[in-house]
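Asks: Here are the chains, one letter per residue:
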Amino acid sequence: MTSITSWGRLRAAEHSVVPLSDRESAAQVISSARRPALASGMQRSYGDVSTNAGGTLWDCRGLDKFIAFDEQSGVLRCESGVLLRDIQATFSARGWMLPVTPGTAMVTVGGAIANDVHGKNHQSYATFGNHVVHLTLVRTDGDVIECSPQENPDWFSATVGGLGLTGVILTAAIQMKRVPGPWIDAEDIVFESISDFFELSDASEAEYEHTVSWLDVTTDGGRRGIFTRGNPVAASTPEPRETRLTFPITPPASLVNRLTLPAFNRSYFRLKATRARRRVEHYGSFFYPLDSIGDWNRMYGPKGFYQYQSVIPRRDAEEATRAMLAECSQAGAGSFLGVLKTFGDVQSLGMLSFPEAGVTFALDFPEHGEQTEALFARLDSIVRASGGRLYAAKDARMPRDMFERGYPQLERFLAFRDPGISSELSRRLLGS
Amino acid sequence: MTNPIARIVVVGATSAIAQHTLRAWLAGRDASAHLIGRSESRLASVEADLRVRFPGSTFSHEAVDLIDVEAIERVADHETANGDPDIVLIAHGSLTSQTDSQKNLRAASEQLIATGVSPALWLEAFADRMTTGTLAVIGSVAGDRGRRSNYLYGAGKGLIERVTQGLQNRFEGTDLHVVLIKPGPTRTPMTEHLAVAGARLADVHLVAEGIAHAVTRNKRVAYVPRRWGVIMAVVRSIPAPVFNRLDL
Ligand SMILES: Cc1cc2nc3c(=O)[nH]c(=O)nc-3n(C[C@H](O)[C@H](O)[C@H](O)COP(=O)(O)OP(=O)(O)OC[C@H]3O[C@@H](n4cnc5c(N)ncnc54)[C@H](O)[C@@H]3O)c2cc1C
Ligand SMILES: NC(=O)c1ccc[n+]([C@@H]2O[C@H](COP(=O)([O-])OP(=O)(O)OC[C@H]3O[C@@H](n4cnc5c(N)ncnc54)[C@H](OP(=O)(O)O)[C@@H]3O)[C@@H](O)[C@H]2O)c1
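Chains as they are written, first to last, in the numbering used here: chain D, 1 to 432; chain E, 433 to 680.
Don't read these hints as lab results, they were simulated from the structure.
Be careful, since some hints might not be right.
Claimed, not checked - Covered, in the sense of this in silico footprint (three residues per stretch, anywhere, with C-beta under 8 Å from a C-beta of chain E), are these stretches of chain D:
#1 17-23
#2 53-67
Stated by the list, open to error - Here are the computed distance ranges between Cβ atoms for each label pair:
#3 D:Ser31 with E:Ala629: 22 to 32 Å
#4 D:Pro399 with E:Gly661: 51 to 61 Å
#5 E:Phe603 with D:Leu290: 44 to 54 Å
#6 E:Phe603 with D:Ser31: 25 to 35 Å
#7 D:Arg400 with E:Gly661: 49 to 59 Å
#8 D:Ile249 with E:Gly661: 22 to 32 Å
#9 E:Pro657 with D:Val29: 28 to 38 Å
#10 D:Val29 with E:Asn676: 21 to 31 Å
#11 E:Asp560 with D:Asp143: 20 to 30 Å
#12 D:Asp143 with E:Thr606: 55 to 65 Å
The C-beta atom is built at its ideal place from N, Cα and C for all residues, glycine as well.
Put together the whole structure using the sequences plus the hints.
Replies: Pasting the structure below:
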């Protein structure tokens, strides 16, 4: 048994880890594993979607081979444990990149599909699953299901965003996107109010592929922030060498607390504000600013932390965002990471995909027991009232009825579950 | 140079360390690589992966029984028929459970052959046919001193060390270089069980960069990561009465 914890480090639980490292033997290993089992990638999910306490975890990181790349069409076939980092590094200088990437490259293709992840360019490129053109899914009864938007389309839309519950994704084919190279023409703009954020978003979406905002949640009830936008650009600068720091230890208490947070936020704001300008930036620091600090999640101390990520339909988004900020401010619970971003209209293919047209807001909170739970309950009521929902990839605590109401295709999804697979999240939110 | 494209032959090419070493070499320059191993399907998927990563290089593969003497001779003949490869890397080895091997002589024999005898024969076969280039083999820190937890594996690695010493002596002053690599514990499928037990393992990517560098420089013996050179000097110097009481 191995102790495993997900990114939020809320709890560590024993798992029997079964490595998958070879696609020839994978189906055999999968069908003979002790149940219930669950596939796992890099454990970059924050809560319990990727854990299965007491059960089996199929560690897919060893399925790390590229299979083929078509230089004409840009379709990449690879095994599901390949890291997005390796895809970007291999192809960016050759003029291709992933069309959609989350805020860390340290995730697997399988994890990116199972949570149908989104990036800074949702308004133009939707989610990761929108660019997956084929999947091979292995079920615990030994069946192998080939699926795509055309072939077995129901299996495809159950598996994209399917939280790992429909089977193990063995291989995937991804339609890559043409880029001029590894560079982004990026710009940071300071905003001083939430309405400015909405105006900047509206004004930028047509002309900028990437937009995202960081919000200083601790100052003046959370109004000011940095709006970042960018477009791919050609440049002939040499690529930077990889630099990496690692957060060396878990401090005995969270370094993120009431005393340090305003200071963190203020200095970050000042740093960004004084450097706010247009620049040509490498995709690595533009897309993945936190990847240069290994294990930064340890900074929240031994109890771990939550991320609360909601999406609110556009109509009520501004009001709901203000209301959530007011709750945080009243609770005195600031967050270092407050990220605000608009989602576009393109429908996700997955039955349980999180993104929908509107505004998504993500906040990190150190675990403080009942106090944190009470704040979440108040945030929940704002999200419910405006018809929004929470992101399973980040969740460790949403009430079951909130999940049921937030995901109207849930009933349809259940028919595609693999009875040999279960996660802590599925036991909590689906009852098995 | 008439042929600027380097030719690399890798035996045990499905090993994680070998794959990452190839990646480190090919990131710097195009080459042609011939991949040898025991499993056709695994070799094919390694080759496909390398083709995607390095479209400027060329690849081929060949599955053979790595412990069959005739097969070793045939492959070595073929790979040296039209000139010497620039680099031959011999990377296979088998780390099975020491306690299983103690209880079962057949398992002990397989372990010694796969880790020691077979790589030694591959070394010998290429050494007899090459006059230029670099012949590199992956030993291990485990070959430096026998200890209860893995001495049969260590004995295989120690055997390789004696062979490379002999070859280095035999080819001193010629254009054929023999390199012995001794990795410390590294995170690969071979050490999955150690990782599960919480051992501190080096990143295979960094180890591979160290190997690529040492082989390119024709080092005689290279510990990777380098600190293992110091650690093993200490381990070798502990007097037996003390050493044997340690649980290593
Ligand atoms: C710093 C940081 C920034 C982030 N930014 C974003 C962001 O901008 N947008 C966003 O959407 N997300 C973001 N995330 C979340 C992250 O992208 C997702 O949680 C992602 O799914 C993690 O992938 P993983 O490989 O770590 O998978 P895991 O977390 O290990 O697993 C995630 C899910 O995938 C399933 N799974 C894994 N492999 C397979 C497989 N082979 N077959 C079937 N199911 C499988 C698991 O069962 C589980 O349900 C961020 C996370 C971090 C830490
Ligand atoms: N990882 C470490 O900590 C470490 C430390 C020091 C030295 N080494 C050495 O580094 C080399 C590469 O190992 P690795 O860590 O990269 O592990 P790996 O990925 O498990 O590779 C092991 C290699 O040896 C082959 N092999 C295993 N048993 C065999 C047998 N009985 N007959 C023939 N071939 C066999 C495997 O072939 P298949 O793919 O066909 O199974 C594979 O190519 C080995 O010589 C190992 O001893 C490793």
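Asks: Between D:Ile249 and E:Gly661, does the beta-carbon spacing fit 22 to 32 Å?
Replies: Taking Cβ atoms as reference, D:Ile249 and E:Gly661 lie about 28 Å apart, which means the hint holds.
Asks: Given the hint of 44 to 54 Å, is the C-beta distance from E:Phe603 to D:Leu290 inside that range or not?
Replies: holds (51 Å)
Asks: How does the coverage statement for the segment 17-23 of chain D fare against chain E, requiring three or more residues with Cβ below 8 Å from a Cβ of that chain?
Replies: holds (count 5)
Asks: How does the Cβ-Cβ distance of E:Pro657 and D:Val29 compare with 28 to 38 Å: does it lie in that range?
Replies: Check passed, 32 Å falls within 28 to 38 Å.
Asks: If I claimed the Cβ atoms of D:Asp143 and E:Thr606 lie 55 to 65 Å apart, would that claim hold in this structure?
Replies: At roughly 59 Å between Cβ atoms, E:Thr606 and D:Asp143 fall inside 55 to 65 Å, so the hint holds.
Asks: Has the hinted range 49 to 59 Å been met by the Cβ atoms of D:Arg400 and E:Gly661?
Replies: holds (57 Å)
Asks: Is 51 to 61 Å respected by the C-beta to C-beta distance linking D:Pro399 and E:Gly661?
Replies: holds (57 Å)
Asks: Do the Cβ positions of D:Val29 and E:Asn676 conform to the proposed distance bound of 21 to 31 Å?
Replies: Hint violated: Cβ distance 40 Å, outside 21 to 31 Å.
Asks: Quick check: does the Cβ-Cβ distance between E:Asp560 and D:Asp143 fall within 20 to 30 Å?
Replies: violated (52 Å)
Asks: So does D:Ser31 sit 22 to 32 Å from E:Ala629, Cβ to Cβ?
Replies: holds (27 Å)
Asks: Three or more residues of the segment 53-67 of chain D near chain E by CB distance under 8 Å?
Replies: Answer holds; 4 residues pass the 8 Å Cβ test.
Asks: Is 25 to 35 Å a correct range for the gap between the Cβ atoms of E:Phe603 and D:Ser31?
Replies: At roughly 52 Å between Cβ atoms, D:Ser31 and E:Phe603 fall outside 25 to 35 Å, so the hint is violated.
Comparing the model with each earlier hint shows violations of hints 6, 10 and 11; every other hint is respected.
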